[in-house]
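*Asks:* Residues per chain are reported as follows:
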Amino acid sequence: MRRLTLALAVLGALLLAVFGANARGGQDARAAKEPVTISFWVPFTARELGVINSALAGFHKKYPWITVKSTGNTNPTKLTAAIRGGNAPDAVALFETDTLGAFCSSGAWLDLSSHIKSDKLNMNIFPKTIQNYTAYENKRCALPLLADAYGFYYNKAMLAKAGLKGPPKTLAQLSAYAKRLTVKNADGSIKVLGFNPLMNWYQNSPVHFGPITGATWMKDGKSNLAGDPNWAALLRWQKSLVDWFGYENLIKWQAKAGDEWTSSNAFESGKLAMNLDGEWRTAFVKADAPNISYGTAPHPVSKPSLYGSGFVIGSIMGIPKGSDHEDEAWLLLKYLSTDSKAVTGLSLGLRNVPSTLPTLRNPVLRKDPQFKVFLDIFANPKSSTQPVLKIGAQNQTLFSTFISKWQAGHVASKDLHAGLANVDKQIDAAIGQSGQVP
Amino acid sequence: MTSAPVAGALPAAVVRDRRRAKRKAAWRRRGLVLLLMSPWLVGFTVFFAYPLVMSAYLSFTHYDLLSAPKWVGTANYRYLFEQDQQVWPAVKNTLWLMVVFVPAQVLCAFGLATMLTRARYGAGVFRTIFYLPALAPTVAATLGFVYLLNPGTGPVNVVLEHLGIPTPLWFDSPQWAKPSLVLLGLWGIGTMMIIFLAALIDVPRHLYESASLDGANAWQRMRWVTLPSISPVILFAVVIGVIDSLQYFTQAYVAAAIASGQAASEGPTSAGYPEDSTLFYPVLLYLQAFSYFNMGYASAMTMLLLVVALTVTVLILRSSRLWVFYAGARR
Chain W
1 MRRLTLALAV LGALLLAVFG ANARGGQDAR AAKEPVTISF WVPFTARELG
51 VINSALAGFH KKYPWITVKS TGNTNPTKLT AAIRGGNAPD AVALFETDTL
101 GAFCSSGAWL DLSSHIKSDK LNMNIFPKTI QNYTAYENKR CALPLLADAY
151 GFYYNKAMLA KAGLKGPPKT LAQLSAYAKR LTVKNADGSI KVLGFNPLMN
201 WYQNSPVHFG PITGATWMKD GKSNLAGDPN WAALLRWQKS LVDWFGYENL
251 IKWQAKAGDE WTSSNAFESG KLAMNLDGEW RTAFVKADAP NISYGTAPHP
301 VSKPSLYGSG FVIGSIMGIP KGSDHEDEAW LLLKYLSTDS KAVTGLSLGL
351 RNVPSTLPTL RNPVLRKDPQ FKVFLDIFAN PKSSTQPVLK IGAQNQTLFS
401 TFISKWQAGH VASKDLHAGL ANVDKQIDAA IGQSGQVP
Chain F
1 MTSAPVAGAL PAAVVRDRRR AKRKAAWRRR GLVLLLMSPW LVGFTVFFAY
51 PLVMSAYLSF THYDLLSAPK WVGTANYRYL FEQDQQVWPA VKNTLWLMVV
101 FVPAQVLCAF GLATMLTRAR YGAGVFRTIF YLPALAPTVA ATLGFVYLLN
151 PGTGPVNVVL EHLGIPTPLW FDSPQWAKPS LVLLGLWGIG TMMIIFLAAL
201 IDVPRHLYES ASLDGANAWQ RMRWVTLPSI SPVILFAVVI GVIDSLQYFT
251 QAYVAAAIAS GQAASEGPTS AGYPEDSTLF YPVLLYLQAF SYFNMGYASA
301 MTMLLLVVAL TVTVLILRSS RLWVFYAGAR R
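Taken in sequence, the protein lines are chains W and F. Throughout the first sequence, residue numbering follows this note's numbering, covering 1 to 438 in sequence. Throughout the second sequence, residue numbering follows this note's numbering, covering 1 to 331 in sequence.
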């Protein structure tokens with residue numbers, strides 16, 4: 001009798017366990033597959049928003065119970081207001097990578113480490129540069145949404161006319177090419193400029209130019225502009241070229257160069273022979289000036305070992321604090337960042353560099369020789385990015401202001417080091433004031 | 001011993017009742033006044049008093065807009081006065097604007113209004129023409145000026161070149177950027193001009209007639225009749241001009257972005273272009289608050305701005321006792 005009771009109890013327990021587990025399992029599955037709509041704010045508009053929506057359709061196909069409602073034209077200010085107002089979207093993408101420090105340090109973007117760990121996401125599918133600009137200190141709050149690589153555009157016809165074969169590879173060659181390709185009007189003003197050495201114009205900024213001499217921003221948590229001789233080398237090279245053209249001549253030329261983002265862009269309209277720009281320009285040229293004969297290459301550099309590298313950055317995606325569907329938002333981020341079909345589609349549609357190293361080898365993306373150059377720059381281990389700081393782009397603003405004075409001739413050559421040291425001092429003070437611990 | 005009631009005095013109960021009724025009426029009056037003032041009171045509390053108190057509090061905190069403010073004592077003020085090297089150029093630029101633009105604005109508005117009072121024909125047409133720029137949206141007007149003063153293709157430099165006059169770089173030159181903004185500001189003085197026009201028209205004619213009979217010439221009539229009569233309007237124009245120059249933002253921000261050729265680029269690196277010459281105090285304040293997420297420090301900057309604005313306004317109002325005359329007043 002006792003045995004029978006025991007057997008019945010064991011059987012009962014087994015049945016309960018099996019049915020209970022089944023019931024719970026069924027509930028989990030139902031919960032996971034319950035239709036849900038998540039909101040996704042992106043900075044894109046018009047045609048580019050359409051490309052994003054196509055990728056979202058692919059996501060819906062893969063995860064049919066998740067519908068994504070996209071909203072375009074977002075920016076850090078809108079997102080900040082939404083987070084503060086408790087109306088944050090479930091997931092967000094931003095162009096402004098330098099705001100990650102503020103979003104991540106404050107907890108306004110969730111730390112994705114637990115998701116990465118539980119999904120065993122191999123972060124090494126992203127280049128080191130991407131790993132750097134998607135994290136703040138030890139917190140990984142973002143995944144990349146494509147990437148941008150900066151390289152060198154040159155007008156083949158102009159080079160051929162001047163008897164120049166192939167693009168320059170060193171800064172000395174670039175100076176020589178720039179002088180040779182420049183055409184002046186009868187009054188001495190510049191008609192066609194070989195290369196514009198002035199910073200703070202179009203994509204000419206210290207952050208984009210730094211990698212051509214291997215210059216770095218920070219050392220041990222402190223600004224290192226004076227400490228790294230590569231900055232001084234870059235600025236001295238740049239200033240010598242500015243002086244050769246004449247600062248005022250360049251300013252006047254710039255004033256009539258045309259808007260960067262329209263078909264009157266100086267390179268596209270033939271007013272500029274060579275230029276530093278991002279990979280997206282290939283799409284602009286195709287749309288605005290399809291007949292222009294141009295080539296792309298890595299930017300000329302100060303040391304041969306650096307040739308092939310460049311500046312890399314990209315849009316970032318995160319899950320804001322207050323997201324109602326964190327798990328689904330994570331699936332979306334992971335899909336847009338790592339799914340090779342999605343990444344390839346986005347790369348082709350937006351004409352940006354794909355975010356993962358395996359996708360770079362996709363022959364579909366490598367078909368266009370001009371675009372391929374940027375894929376290689378992106379994959380180059382010596383390519384670099386900007387530091388993620390709590391002060392956002394304030395370090396760049398302070399440095400740019402100093403460079404404005406330097407290139408205009410308002411800082412004596414002997415004072416360059418002292419000037420850079422003073423910019424370091426300002427940046428360190430701002431970092432200290434922000435509460436970021438070096 | 002009880003004192004006899006004073007002849008004609010009311011009984012104590014009646015006095016009490018009357019007092020109570022009076023108090024009640026006073027409270028009712030106060031209630032009505034409060035009721036009538038309530039829209040303003042609500043607006044004042046929500047949009048002025050609360051933000052002011054919060055700004056004062058936040059100025060002693062580290063606040064990034066996204067996480068809770070953290071008390072840092074006077075650290076923001078110490079950074080403001082001792083470490084932030086952008087503050088002094090921003091203060092200098094703002095002072096420059098105050099010293100140059102405010103008098104220029106008052107003089108031009110007054111001059112235009114004076115000319116319009118004397119126009120015999122087409123006064124209405126001229127008034128409309130001079131007022132029209134004031135209707136242009138600030139951003140559009142700034143874009144227009146950046147185009148007009150473009151050193152490479154702008155019509156102004158084309159004309160100057162034809163006349164053999166040196167052509168400035170305007171918004172691209174640290175020396176000319178602020179004067180270019182002043183030109184833009186003077187182009188849009190229509191509102192100020194209309195106020196001066198109304199004041200000039202309001203000056204009693206008989207004062208001019210008396211002055212003429214006393215042998216006063218045009219300058220003396222202006223000095224002793226016109227200016228004293230419109231001095232309250234001049235005071236108003238100066239105070240408003242000073243406050244506007246302390247809050248000068250949109251034109252400087254837009255002009256710097258367009259002239260630098262980085263209007264659509266990411267980041268705030270074009271603010272102050274060229275060489276911080278258009279970095280006005282409110283521009284720096286905006287960058288700190290909304291580009292660098294440094295709202296605690298921006299609040300400290302705001303408190304300083306408030307103190308400066310109050311001080312300058314009080315000084316102007318104090319000085320006005322010496323030069324402003326109100327009709328009917330003893331001086």
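To be clear, the hints were calculated from the coordinates, so they are not data collected in a lab. These numbers were taken from a predicted model, which means no experiment stands behind them. The beta-carbon is built from N, C-alpha and C at its ideal position, and this holds for glycine as well. Hints are supplied without guarantee of correctness; some may be wrong.
[Said to hold, decoys possible] Here are some of the chain W residues that sit facing chain F, going by a computed Cβ distance under 10 Å:
id: 1; residue: 80
id: 2; residue: 170
id: 3; residue: 321
id: 4; residue: 367
id: 5; residue: 369
id: 6; residue: 370
id: 7; residue: 432
*Asks:* Would you mind marking each hint as holding or not holding in the structure?
*Replies:* Against the structure, the hints:
no.	hint	verdict
1	80	holds (5 Å)
2	170	violated (27 Å)
3	321	holds (8 Å)
4	367	violated (29 Å)
5	369	violated (27 Å)
6	370	violated (22 Å)
7	432	holds (8 Å)
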